[in-house]
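Enquirer: The residues making up each chain are set out below.
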Amino acid sequence: QKEVEQDPGPLSVPEGAIVSLNCTYSNSAFQYFMWYRQYSRKGPELLMYTYSSGNKEDGRFTAQVDKSSKYISLFIRDSQPSDSATYLCAMSAQNDMRFGAGTRLTVKP
Amino acid sequence: EAQVTQNPRYLITVTGKKLTVTCSQNMNHEYMSWYRQDPGLGLRQIYYSMNVEVTDKGDVPEGYKVSRKEKRNFPLILESPSPNQTSLYFCASSLAGSPLHFGNGTRLTVT
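The listed protein sequences derive, respectively, from chains A and B.
The numbers in our numbering rise by one with no breaks, and the one at position 107 of the first sequence is 107.
The numbers in our numbering rise by one with no breaks, and the one at position 69 of the second sequence is 69.
Do not take every clue at face value.
What the hints assert, rightly or not - In silico contact screen, one side only, chain B against chain A (beta carbon under 7 Å); selected entries:
1) Gly40
2) Gly42
3) Leu43
4) Phe90
5) Pro99
6) Phe102
7) Gly103
8) Asn104
9) Gly105
Derived from the structure by calculation, the hints contain no laboratory data.
Glycine included, each C-beta is placed from N, C-alpha and C at the ideal position.
Whole structure, please, built from the sequences with the hints as guidance.
Expert: In structure tokens, the structure reads:
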């Protein structure tokens, strides 16, 4: 079993849809949780950064962490074609960071 | 502009020919790391460095070397590349305990 599981998709939605991306993990020591967005031919860029359980909202993006279920989510409201990218979840304990394999998202106009 | 710069962006080479991929950051970050990204496997850590002259193996270090002689630079060295090292490579840096900043990647093909 991988330490971090993420559905690779691909996921295709119409413009304006609400997108839900998810990851599960097995290491209960993870304390910091991140979502990165990666456009084609680019490096991952940090989108959301949260500590421990709870919600964090930034514009159209909401990150949720449920440590009891070892489950994290990223919600994108009013999705736009410019949101089309691969989304990577990441989590860390001390200096040990683990990444999901990434979910490829396409938002169609 | 704060950034992590990798060179080259694309590299095609033959088996056994030594190569170096350079990485430089201008954010005064202590921590630097190299990852490879393969379809279905995600990002896997090759080597990391907590500070100058301090390096350690990640999950997939075989066939790679690194050095950290200066804080800003963290080159990745493939002494004798093999086709299974064909991949997309990313350098990243951060302050201790903070999220990583990534470079734009080096696509390596070994024939």
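Enquirer: Which of the stated hints cannot be reconciled with the structure, identified by number in ascending sequence?
Expert: none
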